[in-house]
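**Student:** Residue strings, one per chain:
Number of protein chains: 2
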Amino acid sequence: MLELYYMPGACSMIPHIALEEAGATYTRTLVDFSRGDHRKPEFLRINPNARVPALVTERGVLTENPAILGYIACRFPQAGLADTGDPYAFADMQAFQMFIATTIHITFRQISRPDYYADGEAAAAALRAKVPERSNEHFTLIERKLSDGRPWVHGGRYSLSDPYLFVFASYLKLDDRGDPALFPAIRAHGARVRARPAVQRVLEVEGLADRW
Amino acid sequence: MLELYYMPGACSMIPHIALEEAGATYTRTLVDFSRGDHRKPEFLRINPNARVPALVTERGVLTENPAILGYIACRFPQAGLADTGDPYAFADMQAFQMFIATTIHITFRQISRPDYYADGEAAAAALRAKVPERSNEHFTLIERKLSDGRPWVHGGRYSLSDPYLFVFASYLKLDDRGDPALFPAIRAHGARVRARPAVQRVLEVEGLADRW
Numbered sequence: 001m002l003e004l005y006y007m008p009g010a011c012s013m014i015p016h017i018a019l020e021e022a023g024a025t026y027t028r029t030l031v032d033f034s035r036g037d038h039r040k041p042e043f044l045r046i047n048p049n050a051r052v053p054a055l056v057t058e059r060g061v062l063t064e065n066p067a068i069l070g071y072i073a074c075r076f077p078q079a080g081l082a083d084t085g086d087p088y089a090f091a092d093m094q095a096f097q098m099f100i101a102t103t104i105h106i107t108f109r110q111i112s113r114p115d116y117y118a119d120g121e122a123a124a125a126a127l128r129a130k131v132p133e134r135s136n137e138h139f140t141l142i143e144r145k146l147s148d149g150r151p152w153v154h155g156g157r158y159s160l161s162d163p164y165l166f167v168f169a170s171y172l173k174l175d176d177r178g179d180p181a182l183f184p185a186i187r188a189h190g191a192r193v194r195a196r197p198a199v200q201r202v203l204e205v206e207g208l209a210d211r212w
Numbered sequence: 001m002l003e004l005y006y007m008p009g010a011c012s013m014i015p016h017i018a019l020e021e022a023g024a025t026y027t028r029t030l031v032d033f034s035r036g037d038h039r040k041p042e043f044l045r046i047n048p049n050a051r052v053p054a055l056v057t058e059r060g061v062l063t064e065n066p067a068i069l070g071y072i073a074c075r076f077p078q079a080g081l082a083d084t085g086d087p088y089a090f091a092d093m094q095a096f097q098m099f100i101a102t103t104i105h106i107t108f109r110q111i112s113r114p115d116y117y118a119d120g121e122a123a124a125a126a127l128r129a130k131v132p133e134r135s136n137e138h139f140t141l142i143e144r145k146l147s148d149g150r151p152w153v154h155g156g157r158y159s160l161s162d163p164y165l166f167v168f169a170s171y172l173k174l175d176d177r178g179d180p181a182l183f184p185a186i187r188a189h190g191a192r193v194r195a196r197p198a199v200q201r202v203l204e205v206e207g208l209a210d211r212w
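Protein sequences, first through last, are from chains A and B.
All letters in the first sequence, in the order written, are residues 1 to 212 by the working numbering.
All letters in the second sequence, in the order written, are residues 1 to 212 by the working numbering.
Looking at chain A on its own, in the form it has when it is part of the complex:
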């Protein structure tokens, strides 16, 4: 039995969607960062790095979104969430997801956690001020990829890169994270992902259906 540790609206929404798309049997455990749940010993035993998502399996705990998603795709091959039998296509999918992890995700954290990067109020202000520039650069590369009219990130077939992009592009609606108006193809893509029943169920469960 799988158990997902998640926080509503965090990037744990991506494996949450993946589990719904897969039709998996799983349980959810809420990690409330506002109460400091992520720093409590019982969660640090699950993930010493104090982050969500963490996916508890019969074999052990998996962390890091692209790794978790690869595992879900392989565990539920009938759901067709990735080209699990094609090493090139699988790696290409993972590269897209890791690009978001190592660029956009890291950049957005400069708003919520400037203290992760540097101490002091002046540094925090400088870190936050830089976000729109970097964010727009990163999303521009993705916009270019989608601009050939493909419905999904990797072409004609939905994959786990689609909810990955959907969740991070949704954060653009928040202030100071970049300019969604620059990215029409990404916005159209987001509407397609948003329409999927699995995504709607997750937004409902995470209490975000009316504001996402």
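There is no bait here: all hints are sound.
Identical chains blur together in the list; that is why a pair holds if it fits in one copy or across any two.
Here are the simulated BS3-like pairs of lysine-lysine, each with C-alpha atoms no more than 27 Å apart in a straight line:
no., residue 1, residue 2
1, Lys130, Lys145
2, Lys130, Lys40
3, Lys173, Lys130
4, Lys40, Lys145
5, Lys145, Lys173
Hints were generated in silico from the structure; no laboratory data involved.
Fit chain B to the given chain A structure using the hints.
**Tutor:** Frame of chain A; chain B shown alone:
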């Protein structure tokens, strides 16, 4: 035929080692960042994100180290560089590599590229000053994992997580990146990786044999 775009001493050393471990037939193309090669149109056609490594395959270009390494492991299964037939073990290996990508790698970049995060000299100084604290936190989690006496990152069997850790732990020798004295298990692990013929060949080719 595979073609690796690399810069000596950069994290492209990891797939370089992987290709040597695999006994792959491949060519190497040097991207000299000091001459701005990574910003030239011919390289941006390979990787619009202007980074190494990039691995050109018959099907297209792969980027992002954990994705490239997963592909190499699957393409050369006889080399036994990963548990390619076990989705849990494969994801667990990738999670370790992605942990380094999203923590240690990002942290070290605050020294070489503070302008990536924030503008101004004061912010750059604050970004650089924070690196040892964060770096020590991240390596402490890895040190704890290795402290049960296992020879390799994932236990008794060498995998591509081993050169991954080796390369990033080697950067600790540089100034202001953390304190290698805190990590005896990681240093002993590094000596084991350094002794492998494939690693020695890569250090030789990259011109680092006498200073790495």
